[in-house]
Every structure is written in structure tokens, then in C-alpha cells.
Amino acid sequence: MSAAPLPIPAGVSGVSAGAPIRQSSLWQDAWRRYLRNRGAVLAGGIFLLIVGYCIIAPIVSPHDPNRVHFPDAYQGPSWSHPFGTDQFGRDLFTRTALGGRISIGIGFGATLAILAIGVVYGAVSGFVGGKLDNAMMRFLDALYGLPYLPFAILALAIIGTVNFWTMVVALSIASWFITARVVRGQILTLKENDYVRAAHAVGLRSYAILSRHLLPNTLGILVITIFLELPGVILGEAFLSFLGLGINPPDASWGSMAQDGRDAYRAHPHLIVIPSLAIATLVLCANFVADGLRDALDPRTRET
Amino acid sequence: MPLLEVNDLRTHFFTGDGVVRAVDGVSFTVEPGRTLGIVGESGCGKSVTALSIMRLLPEPPARIVTGSIRFDGRELTTLSERELEDVRGRQIAMIFQDPMTALNPTLTIGTQITEVLERHLGIEGEAARRRAAELLDEVGISRARERLDDYPHRFSGGMRQRVMIAIAIACEPGLLIADEPTTALDVTVQAQVLDLLDDLRRERGMAMILITHNMGVVAESAEEVAVMYAGQIVEQAPALELFARPEHPYTEALLAALPDLDDKRARERRLEAIPGRPPDLIDPPVGCRFAARCPYAGCGDSCAQAPQPLRELRPTHWVRSAHPASKRAAEEALSA
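Here the protein sequences come in this chain order: A and B.
FYI, the working numbering numbers position 108 of the first sequence as 108, with every residue one higher than the one before it.
FYI, the working numbering numbers position 112 of the second sequence as 112, with every residue one higher than the one before it.
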């Protein structure tokens, strides 16, 4: 590593003699470490920019994203239509933002669902331990073999309707296994800590020990997990929509927009390039953010 | 009536290699307000005894095979986990060896004290904080009120042990089990923590079990001492009696191993050590467990083959050995 700045011990920087020593919490330390990672900061900035664009653009845009106006069909990028228009003459700048809302929304929704299932399953398994842990882990092993996308397709077929929430269910139902394992592993390690023994020794109830002494210590890992799972889920959603199994028109996600653009990709490549680029950028940024978060929240894994 | 009555306690660990008899037939009583010291080397079962009383051992692999533990007239070995949670911290509290790791680094000191008050006494909010500050003050932490919002990393080892003690005494338990409370602390702090424990015990009429491998610590604070070896109590007597007239060869050896800094000549000699190692507790010897290391167990001596009972040599002085010091002295006098 070249010219990495020397780590400044927590609580030492910027303290003049006699001034009360500022306490720096784990999160403040992590934030400082994150800010030193330029790639992660840039990726985080772009990520926020994309999210901000998806939220704001449809509100301020003068164009109705669903208004069909054939005279404007297949326009290239211009001042009034920065991303051009599609085969129905709809403004792509607005539609891409709306598609992003759905793609990112489903992404975060499914990620949070993965987290919720994974945390509960993993925490119970690791905390209770013994036979229950063994049974739950063997069940997980059995599920582990399930291929995630075919399972999502199957789940959608069983549910029968496709909307935002069923997509969230389909994408999370077969992808929480890793999270459950990670959380279980964390709980297993944390459980051996003396302070957990001490908490037992003062007679705290099990749920209090789990929720107060164990789960808060897994928060760092969970934040990292959000950004590690997000790209997979967003890609999954895009893939399903590209196959035509996703969100129904006139709503669109980035995947279904790319699918629409496929018909005319030779003459009007921007139709497929823009949503694809949006997906790729977002996924790349999420990966960088996850990397940066891991380095920031778990600095031990980073040092040579 | 004794506060705590442990009778023929046997705690075994069922492992892949076999059954480890970590505690093998331990009996003792603790009277209200008194201190019992349990001494012995690492692995002799003193901590397992303490954890058995608290029922804090993971089951499996550990299990209390036989024996009874009666606290305040109540049998602890048959209580459910939920009932035990009401006993722990409320009636019997425990402090551990390493204060550096026994506090949760992500919670403030205040939170860790008030959560116990909330759990057992139902004291909440500002009242709990006030009580927590009083407790910190009582264990000798200055500016207690301000320090409630500090995280453990801002406390030194000695201060953290004081915080652990504050948590332990928060609900005014009848019995405090201190498992090597000073081992991880440096010597000057050790004495302070022991004094603190002793003061608190006296003020509150609290009984205490002090577990240590340090004879000096026992001499300072315990009224009654039990010496453990290989899962059994080998000698038990009032502290003064034990130090003045040790009977068991193991106790003698332990006392001889203490460095004597006042004796000029002793400072030039090597420290006394006990030859050999403690027996394997998976398959302990049938007879006296100390026989292999005992300087008085001659070959052909029956004590290595026959289990040795704990005999009351004098009133209140119990020994598990075929060669107690007083008997050896008598034999010597006879042959001379």
C-alpha cells in the first residue's frame, strides 16, 4: 500500500491540553476510517447520486413518464430529453428514474427481508445451540443446494401475481442462507465472551442477553451484509424482468426497460445502454461501499 | 442454619475422550456473613464448583451427576432455568477473574448496572441511575454520577473489577462468589480490591466464597479454608488453624511454595515446587489422588490403593490423607 496515512489513535486527534477528551464511539471511528478510503467515498457518492436522481427526477420532470406520444418516438439524447425517448415517445430520463425507484426499492426491500429472516434464524440457532442448532443448520444445508434464480421464478409462479411485494418475497426466499450462517457464526463467537457469561451470572433473561449483549455487536456485520446482498438482489430482479417475469408494464424496472430496448438495440442503442449502465453502476458502487464498510467496521481484516 | 450447604457434589464433563470428573464428591457449608476460601491449583475443580452452584456450566457437556446444593433451604440442582435466572444476581452473585473482558464494551457502565436493578428489583429510569451512582460510589469510584455514561474502555482493570463488584452487590445478594477476583490485577490493586470485598461483606452481612490459587489472598480474607486437589477437598479448617498447623502433605507443599521475602537466605534459594503433575481426571487413581506426588507415600503403602475419606482429625479440622502431619510427628516421636 502506498502512502497510506498513519492511523491516528482514536481520541487523540485534535485534542489540546486541558480540553476534555472527546469520546469517539465505534461508529465515529468507523466513519473516519471509511472517509479515508477514497474509492469507497466516491462509490458511496455516486450511489447516493443515483438514489437521489431516482427520487427527485420524476417529481421535477415536466414530462409524464407514461404519456404515449408517437411523433417523439426513438429520439436520441437532447436538452429536453437528456436520455432520449423510447418507441412510444416516453421520456427516458423520467422513466429511468421511475425504473430505478422500483429496482432499488425491490433491492432494499428484499435485502431487508433477507436480513430479517437471516438474523432471526441465525441468532436463534447460534444462541440456543446444541441439538436445535444442529437441526437448524442441517435444514439450512439442505436448502443451500437450491439455485436462487430458478427458485425465485418458481416462487413467483406459485404466488401467481407479480408486483413489488411478491418480487421482494421471491428474491429473498432463497437467498437468506448465507446471512443466517454469518449471524450464527457471529453469535457463536460472541456467546463465548466473558461479558455474556457475566450477563448470565446476574440472571438476565435469555432474550435480554440476545437483544442487548449479542445482536448490537453484530450490527457492523449486518450493515456490511446489506451492501453485499444488495447487488445480487438487484441483478436478480433485473434478470427476472429482462426475462419478462418481473414488473408489469406500464411500470418499469431497469431490467424490463433493458428488455424493451432490446428490440431496437441496433438503431437506438441508448434504449438498452442507459438502463444497463444504471444497473452496472449501482451494483459496482454497492460492492465498493460494502468493501469500504468492511474495512471501516472490521479493521483487523485489513491490516496486511 | 447454614446459608449454603453443598453435599457430595459431583460435576462431570461428558467429552469425546471420556468422562472428566472435574468435581468429585465435594461437601461444604457457608454460614451467613462468613467467608469460605477455596484454594487449589489450576484444574483442581474450584471454578467448576463455583459454576455448579450458580448452575452456569453448559449442559452438555457438563452435568451435575449427584449431590445437592441447598441455598437458604432451597435445592438449586432441581430448579428450572427460569427459576435459576431469578436466583442468579439476586440471591447469589458472582464476579469473574478477568475484569477486562467481563464488561460489554458496547454498553455504558450505567446501562450495565441499571439493567440488573431493572431485572431483579424493578427499579427503572432516574431512580435506577441514582442507585447505580450510589453503588459506584460505594465501590470507590470517584465522580460516580458522571462516569455512568462512560464506556468500559475508559476504566482501568482495577476500576472495572470495582464496577463488576458494584453490579454483583446491586441486588444485595446473600452470597457472593468471587472466582479469582484479583488474579488479573496487579499487586497493589489486588489488596485494594480484597479490602473492598471484605468491607462490603462486613457492612452487608453477605457471605462470600473466595476462590483463588493464592494462599496470601486466602490468609488475608477467609475465615474458613478448603484446599482442593484433583476434584476433591483434601483439607478443610478455619484459616488460622490451617496456616498454623497444616496437616495434608499437599497443603504443606503449597505453603512451602510461597516465597518468603523477609528471609534473606530464602531469597537466594530456588522456589520450592511440588514435583509431578496432578492426575488425569478422566481416569483418576483409585486411592489417594495425591499419592503419586506425596513424599510420605512409601512403596507398598496401602493409601495409594484405598480411597481416602475426609477425616476430622481435630474438631473443625478435616483432612483426606493417610499421612497427616500430626500423625507423622507422633510416629517420629515413637521411633526416636
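Derived from the structure by calculation, the hints contain no laboratory data.
Cβ atoms here follow ideal geometry from the backbone N, Cα and C, with glycine treated the same way.
Watch out, some of these pointers could steer you wrong.
Here are some chain B residues pointing at chain A (derived, C-beta under 8 Å) [unchecked claim]:
1) MET54
2) ASP86
3) VAL87
4) THR101
5) LEU117
6) ARG119
7) LEU121
8) LEU255
9) ALA257
10) ARG311
So the derived label-pair ranges between C-beta atoms look like this [what the hints assert, rightly or not]:
11) ALA208/A x ALA330/B: 55 to 61 Å
12) TRP31/A x GLU81/B: 52 to 58 Å
13) ASP149/B x THR166/A: 29 to 35 Å
14) GLY205/B x ALA116/A: 26 to 32 Å
15) THR189/A x GLY18/B: 24 to 30 Å
Look at the Cβ atoms of TRP31/A and GLU81/B and judge whether their distance stays inside 52 to 58 Å. Between TRP31/A and GLU81/B, where Cβ atoms are some 41 Å apart, the hint is violated.
Taking 8 Å as the limit, does the beta-carbon of ASP86/B come near enough to a beta-carbon in chain A? For ASP86/B, the interface hint holds, since the closest Cβ of chain A sits about 6 Å away, which is under 8 Å.
For the pair ASP149/B and THR166/A, does the Cβ-Cβ distance stay inside 29 to 35 Å? 47 Å, violated
For the hint on ARG119/B, just tell me whether its beta-carbon gets within less than 8 Å of chain A. Holds: closest Cβ of chain A sits about 6 Å from ARG119/B, inside 8 Å.
For the hint on ALA257/B, does the least C-beta distance to chain A fall short of 8 Å? With a minimum Cβ separation of about 29 Å from chain A (threshold 8 Å), the hint on ALA257/B is violated.
Would the hint on LEU255/B be counted as holding, given a Cβ-Cβ threshold of 8 Å to chain A? 31 Å, violated
Taking the least C-beta to C-beta distance, is MET54/B closer than 8 Å to chain A? At about 6 Å, which falls below the 8 Å cut-off, the nearest Cβ of chain A leaves the hint on MET54/B intact, so it holds.
Outcome of range test on Cβ distance (ALA208/A, ALA330/B; 55 to 61 Å): 60 Å, holds
Would the hint on ARG311/B stand, with a C-beta cut-off of 8 Å toward chain A? 35 Å, violated
For the hint on THR101/B, does the least C-beta distance to chain A fall short of 8 Å? With a minimum Cβ separation of about 4 Å from chain A (threshold 8 Å), the hint on THR101/B holds.
Against chain A, run the beta carbon of VAL87/B and see if the smallest gap drops under 8 Å. This interface hint holds because 7 Å falls under the 8 Å limit.
Assessment of proposed distance window 24 to 30 Å (beta carbons of THR189/A, GLY18/B): 28 Å, holds
When held up to the earlier numbered hints, the structure conflicts with 5, 7, 8, 9, 10, 12, 13, 14 and fits the remainder.
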